[in-house]
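Here is how the chains run, residue by residue.
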Amino acid sequence: MSAIGTGAVYDRGYRPYEGGRGGRGAARFALYKASMRRALGIRRTWRQKVAPFVLLAVVTIPAIVNVGIGYVTRNEVFDRVEIITYREYVGVSSALLLFVALVAPDVICPDRRQRVLPLLFARPLTGLDYVVAKAGAIVTILFAFSFLPQVVLFVGNMLVSDSSLDYVADNLDVLWKVPLAVGLLTVYYGMIGVAIAALTDRRIVAGAALIGLFLVTSITSGILVGDVDNNGGSPAALINVLALPLYLRDVIFLGHVDPESPLGGVDNGGWYALGVYVVVLLGAAAVLLRRYRWVER
Amino acid sequence: MQASAANVGVRHRLADSPVVADAGDVLLLQTEGLTKRYPGVIALDDLTIAVPRGRVGLVGANGAGKTTLFRLLLGLAHPTEGRVEVCGIDVATDPIGVRSRLGYMPEHDCLPLDQTAADIVSTFGELSGLPARAARQRASDILDLVGLDEARFRPIGGFSTGMRQRTKLAQALVGDPQLVLLDEPTAGLDPMGRDEMLALIARLGSFEISVLMATHLLDDVQQVCDHVVMIDGGRLVVAGTTDSLLERTGLVTVDVGTRGTELVAGLQLSALRSVATDGLVEVTIDGDDDLDTLRDVIADLGLPLYRLSTRLTSLDDVFLSRAGSMR
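Going line by line, the protein sequences match chains A and B. With numbering that gives the first Met the number 0, letter number 15 in the first sequence gets 14, and the count goes up by one each step, no holes. With numbering that gives the first Met the number 0, letter number 88 in the second sequence gets 87, and the count goes up by one each step, no holes.
Bound-form chain A, shown alone:
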């Protein structure tokens, strides 16, 4: 005897939600997570995953090479060869500028272009929440992508050194200098990227504007500063938006601006750099808060 099907089709209807519910904080965190997923290409096509992870691989290569050389030469009698220092590695992270130019517009512009903002602001979110969530997501990823290679470098150097404990003891300062320098750099690039992306609803325009800003200020600064070797540095170096956080990096690692840098020899150069840094960040924050002052008066 054949079995008779006993299945039934039910209209599940609608069940009200009776569990706990978060407020602004939960909404902000949800937007932060969604922005992180978007930036990393998670739950998107494979093409969107390529750029972030290729860039992560690229910025990690110097650390791997450095550790590899250390491993190969671990039994040699001559001093260990270091092709890159922790301080210099912070500079490598400025390659993530390309990542910012790709990702910040992708996370920001479609919300305006595809008119998602009215939906977002119909939730328990304010303009400040939106800015914090979006900028926070970009800065978090930038920080992770800048910090992870440093961790690889540190752990690798520690493992190939003669004594791991001695290595850690000799390099304790790195444990606070690297996160601080990387943090300053990523907050800076992230905020500028998000602020520029907020000014347009076209990703290509935002990306080009960001790269253009860095190129133009870099070239202008280079022309104004001139020959650093013969003439020394100049305050005009502060115009270079790309390099500005690297002067602060030098202050953190060296205690002063690198004398061979375009700002070298300028009295109180470190303080000037910090001042311009703060002004740029405040400017970016002002642009964002004005742009997302969603509630009209």
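No lab work stands behind these hints: they were computed from the structure.
Which chain A residues face chain B? A few, computed with CB under 10 angstroms, are given here: (1) Gly12; (2) Arg14; (3) Gly21; (4) Ala25; (5) Arg37; (6) Thr44; (7) Gln47; (8) Pro109; (9) Gln113; (10) Phe120; (11) Thr125.
Quick partial rundown of chain B residues pointing at chain A, CB under 7 angstroms, derived from the structure: (12) Ser99; (13) Pro105; (14) His107; (15) Pro111; (16) Ser127; (17) Gly128; (18) Ala133.
C-beta atoms are modelled at their ideal positions from N, C-alpha and C, and glycine is treated no differently.
Given chain A, put chain B in place with the hints provided.
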């Protein structure tokens, strides 16, 4: 159920009253002297309404102030004058609290095209304060409810207009709101898609979700809404239950076969206005006494009475006559 209880409590008031709810009703929204002025434009002008829970149609021509009212309800704009309460909460003092209780479906396209319906709806569930797991589960349930269970893992970019409208409705419902604001929910839909969307909206009442549906399609309102608020040029035209507005023609259609002219003459003697058209007689009635008079005239004349019915206007008639008299 809340919606039913509210409906029971609704008194059929004069349709020109701005208030359509009794004081004892749990009000869906209430405005007092609500005015919104932009430079050179008055978007809303001294709007005072009180609407009970249920399905409410917000009717007006383009530029009537519907979207402005939605922005004020969501706390995305501040009134120039007056105040507004949604679900008993003053929007000016607690806009976040109001938004936590609302779902919003805009008229325009507003969905990220490269994301799947499941992703979008669950993300908006989280944005409404639901925990991630609950949001994913509810997204699945709600997409099933709106008929997108099969398509939920496809990117929105490949959706038809009807499917996008359903996704927009799903994201509005996923946070389990007390009230959903639907802005032209049937815009761009073919007749079948429109009927399906209206059927979905009609079901929301049984889920204890109130609806405020802005539209200029009065047929849609007549089909699914139990209350109507009509605005024009930012001012209230009329508000009331749909039934009370439709009963306001004051006309009774009488079919007495070929003897219509006799009836008209008889009614003239009784001081009732009437006119014979297309074999029927339309009599202007003002209360039960006039109906009694009509009955007596027909009986006295010995006329055959094949049909006597109250003629209902459409909401279009109501809107055009009321808005016209205001201008």
